[in-house]
Structure formats: structure tokens, C-alpha cells
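Generate coordinates for the entire structure from the input sequences, incorporating the hints supplied.
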Amino acid sequence: MDKLLEVKDLKKYFPIKGGFFGRTVAEVKAVDGVSFSIQRGRVLGLVGESGCGKSTAGRVILGLNPKTGGEILFDGENLAQVSKSRQRELRRRMQMVFQDPFSSLDPRMNVSEIISEGIVAYKLCDTRAEIEDRVNELMEKCGLFPEQAYRYVHQFSGGQRQRICIARALATNPDFIVLDEAVSALDVSIQAQIINLLKDLQESIGLTYLFISHDLNIVQFISDEVAVMYLGEIVEYGTTEQIFSNPRHPYTVALLSAVPAFTREEKANKHRMILEGDLPSPYDMPKGCRFAGRCPYREAVCEEEKPVWTDRGDGHYCMCHRPQL
Amino acid sequence: MSEKKTDMPAAGQEPLLRVSHLRVSFQTDKALLCAVEDVSFDVRKGETLGIVGESGCGKSISCMSILKLVQGENVRYENGAVLFEGEDTLSMTDKQLQKIRGRKISMIFQEPMTALNPLYTIGDQMGEVLKLHTKLSKKEIWDRCCEMLEKVRIPNSREIMLRYPFNLSGGMRQRVMIAMALLTNPELVIADEPTTALDVTIQAQVLDVMKDLQKEYGCSYIFITHDLGVISEMADRVVVMYGGRVCECAATDTLFEHPYHPYTRGLIASRPYRGMKTDRLPVIPGNVPSLNNKPAGCPFHTRCPDAMDCCREAFPEETAVGEGHTVACWKYAKK
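So the sequences go chain by chain: Z and V. Residues in the first sequence are numbered from 1 upward in steps of one, following my numbering. Residues in the second sequence are numbered from 1 upward in steps of one, following my numbering.
To be clear, the hints were calculated from the coordinates, so they are not data collected in a lab. Just so you know, nobody snuck in bad clues.
For the chain V half of the interface with chain Z, some residues (derived, Cβ under 8 Å), not all of them:
#, residue
1, S55
2, M172
3, Q205
4, L228
5, G229
6, V230
7, E233
8, D253
9, F256
10, G266
11, R280
Derived coverage of chain V by chain Z (criterion: at least 3 residues anywhere in the stretch with Cβ under 8 Å from a Cβ of chain Z; other residues may be distant):
#, region
12, 192–203
13, 285–297
Some chain V residues flagged as far from chain Z (calculated, every beta-carbon gap over 12 Å):
#, residue
14, M92
15, P118
16, L132
17, S137
18, C146
19, M161
Every residue, glycine too, gets a C-beta built ideally from N, C-alpha and C.
So, in C-alpha cells, the structure goes:
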């Protein structure tokens, strides 16, 4: 199998400073031992609630935040061990699209400057004319009109801005893009347009995506594999089909049942599992299973011992004490 | 409000609230921008009316106008009436309005972070509502607040009353908002995107609490959201808005099973669902028009797959297409 990205036991702890000398008094374990891999040309959906560490995981993979521990292998090369120049080359092939198309674009730059920044930084084009051609090509590919190249960001709507963000990410010819809630801030009718664009690009360029989202309907539509995160850990991993039709972890079950029913049929077949309480605070992590406090099936062992990551058949992994689930 | 809607089943009595031909504009340096053009709907006793639409369609403005909460020098209530218990709230003075606001009609806002005052404890903020609207003693107020917090399933309510908003999580804050809105046992609660800022599992909890309270108190809800799933779960009837106008209105199941308006159809089709066969989503082309260059005629005609010449000229009349189902589209207009 051709793994484009492999993440092994990735950890990211944020220190909490306190006291008179600003010493580190505690740590928030935002990502705590996450491992997964993505095959070339596939889409991995990473789902979870706010604060579960899914965005942090995406940022750490790209090196936007330094990692605390673990390994990241991109196309077989360990990012931490290669030379600086090689690292720079590998980074060119990994890009990101952020959630908020309003704050992730510089208001003082016009569209052409925004898109060409990466091209210039990596010296991918030699002449100005080439850069201009490349920008126009990217804009067309993303559904924008080349005549808008010298406009500023405030003249665009949310959906168009997200297209600019995608064009910017594509500028350096990446193989892999982290999409961090890339459609969450958009209106319903615009969301569908952007999702289709992402699918088109994936097929025509052969991109690999890490699709981070909390919207399960969209994740299901776009992903080949899905990983469910809860408090810094992946609790379940499998193909989209496995996760959505046969969820094994109680958290995944609850998450799926929390999606509002839509048609009369869905409403009739629905067994909603309402979870009690909120996420526990990340500085004071439970000793055993992190989900134990909200789990309706918890037993004594759940609060004492950490469950192990086991294969439940056909590459469907789950971290839960209950074998029947 | 057209005659057709009042023919609806179970509409023997007067509706609790009737918004008719509401028109709200904002005066800017350059032009008068019309956010809500001609909006009519009514809310019956004990029902939940859902209002869906994308950002800028005027859904929040029309609902805030019910209590005249859209205020300022540049706001113009140009036309229309909001009849609540037979009285027009738009022509009331502030003093008269104050008797209704928070007492008979209350609101739940989207951002529980900004809607609660960070400088006061939960108990102070909740108590204020009762201090203004009732003659209860301090002790009674305190007890009533605690009781209400328990109703929205906040454990150890007595302790929470002494906490500040920043001590609580998003879901808890939103439940405090709900408790606050229902303290005075209002007739109508306007919930403006109450669960948009929350995670799905927390959203499920909050919706569940809201449904239970409705059963207990028999209040009506106006539920504003852009999430079709939430609407389908909560609402009895739905109003779909686009560009400051109502384009379709029907009972929830009818609307989702047999949508008429091309916009409603597009919205429903573009939502991914489990077991979808296609690998591309059907889309509504184009962008949501901005207020300062709204197209003439039907505001949707620029994006509509079925647009005709007449769509560019005038906005269509509301037409009844089924029991309690009206649509404003030239395709269905009676010639």
C-alpha cells in the first residue's frame, strides 16, 4: 500500500504557565498519542467535537505548531530527520485551507498577490508573465474569474473567499491538503459548491485530503476513511461505510445519533442517545477511558483502566473495553 | 397575510402572533437598503415555527422586529404590523414594549458568550428578569431561578447561581439562556440560531430540553436557523426565506417531502445524506446577493434554474398549492 502520510503516536501538549516565575504548572494534552495513515489519493475524515484536538492535529502535521512527541512520515520520509532544505521541499507538498475565509486572508493583499505568494517563495515560475498565467489558471480551476485577480478580499463573498484559499493552497502543486473545517463557515447552498470543487480537484490532480470537520453528513459524503477523535485520542477508525453503518464505540454511536433526523423515515428509525454532561476539562484527564464519565455503558473497569486499541475486523479499529461493541 | 393561510386546519382561533407585510430598511449614506421586504407569517399557540434561510436573508431582522429590537437612527419600519394578542407591537411605546419583552415574548440568542453579562453572576442575571416583571420576594426569586435551572438539567443549580458565565461551558450557558427566557412563563420564545455555536452532542441535549419545556409550559417557539436538520427535528411548520422575502411556507414534513419553490428544492437537494448515490452534490449556482445590489423582481431569479421573463420584473403573489402550503413563485402563480 502506498501511504502518503503516516502519523505515529503524535503528541502535542500545551503548557499552562503560572506562579510567580511563569513556570509550567500543568499541561493541556491537546493531542495525546494519535496514530493513523492516509493512502495516496484518499480522503481521511477527522471528526470530533470542539476541543477534541482535531485542528491541533492538523496543524502539528503541517508543522504550524511544533510537536511534543511522535513521528510524522510524509511519503516515507520522517519530517524531523531530513535536512532543512528537504523539509522545505516536503512542506511545499503539504498545504492547508482554514475554516474562516475572513481571517485567513490578508486584507491588504489582492487576490493575485495572495495566490502567487507561494509560487514566488518556492521560485516555481521564472518570469512575471508565467506567474500571472499560473495565477489565472489556478483561479479558473477554482471557479473564479481571472479578471478579479487585482481585487481585494473584502470585495468577495464567503464562498468566493474560500475559493481563493483553495487556489492559494494549490499554488505550490501540493500532494496533500489539510482542510480544517473548510466549509463550516459557509452558507448551505455555497457549501455544496465548495464540496464539489474539492472533489473535482481531488480527482483531476490526484490530491490527498485530511478533512477535519464536525459535520458528519459532509464527512460521510467526502471521506473514504473516518477517524473519530475524543479528547486528544482517536477512539475509532474505519472506512466510511464501517463507521457510519456499524459504529462500535459508544461515542461514535452518540455522535451519529445526535445528527438531526431529516426525513420522516429517518425520524421514525431514530434512537437518539443523549449524552450526559460536557467534555471533561483537558487539564484534568480521567485515569481510565476518557469517555467513561459520559458513557451510558460504563463499567467499573472503564474508570480504572485505559482501553486498548483493537482491530474489530477488516481494519475497523476501536478503543473500548466492551468486546461486544 | 393572505387569506389562504388562515384556512389551515386547526387554525380556528386567532394566531398568537401575526406578522403581516413587514418591511424594514436601513438608511445608509448612499441608499435605503431594504433587509426585510414583505414578510408575513403567523405563529399559533403551542406550535414551533421554523424560519430557515441563509445569512442575510432577513430572518433575524424580521424576528427581532417583533419586539422592535432593531433600533437606531438608521432603522426604518416602513410598513407592516406585528399583532400580538391583538395589539400592534410596532406602534407601541418603549414603556409598553417593556411589559412584553422578556415577559410575554422572550428571546434566546445565538451566542451565549456575548448574550450573558460577564460581570454578573448567573443568579443576578436570572433574578433581574423576575425583579423587573414580578413582585416576588428575593427568596422566592432565588428559588424560582434554581428550580428553572434544574428544569434545563443543570445539576447543583444552587452552586451555579453564584458562578459567572465564564465558569460555564457553551452548552451550559445556552441552557442558562433558555432557563432565563422561560422564567416568566412567556407565551412566545424567539430562538435565534440557539444551537449553531454548539457541538452536535450538546446541540442534541439543548434541543431535547427545549422540546420538554414546550410540552410542560405550552409556549410557542419561533426557531430561526440555517440548519435544515434542526428545523426538521423541531418545527411544526416552516417558513423559508430568501432575499428579505418569504418564498415558501408549509408543515415541516410536507415541505421536506414535496418542496415547490426552486430555492427550497435546491436547498434540500444540496444536503448530503447517508446512502447518497451520486458523487457530486446538486448545487444552487451563484452567490447569495448582497443587500445593496439585490436583483429586481424575485430575488432568486439570478440563481434559479427555472427563471422566466416575468421573474425579473415583479415578485410573485403567494399561491396556495396544498393545505396550509403556500409558495411565492411565478411557476405556480395562477394566471
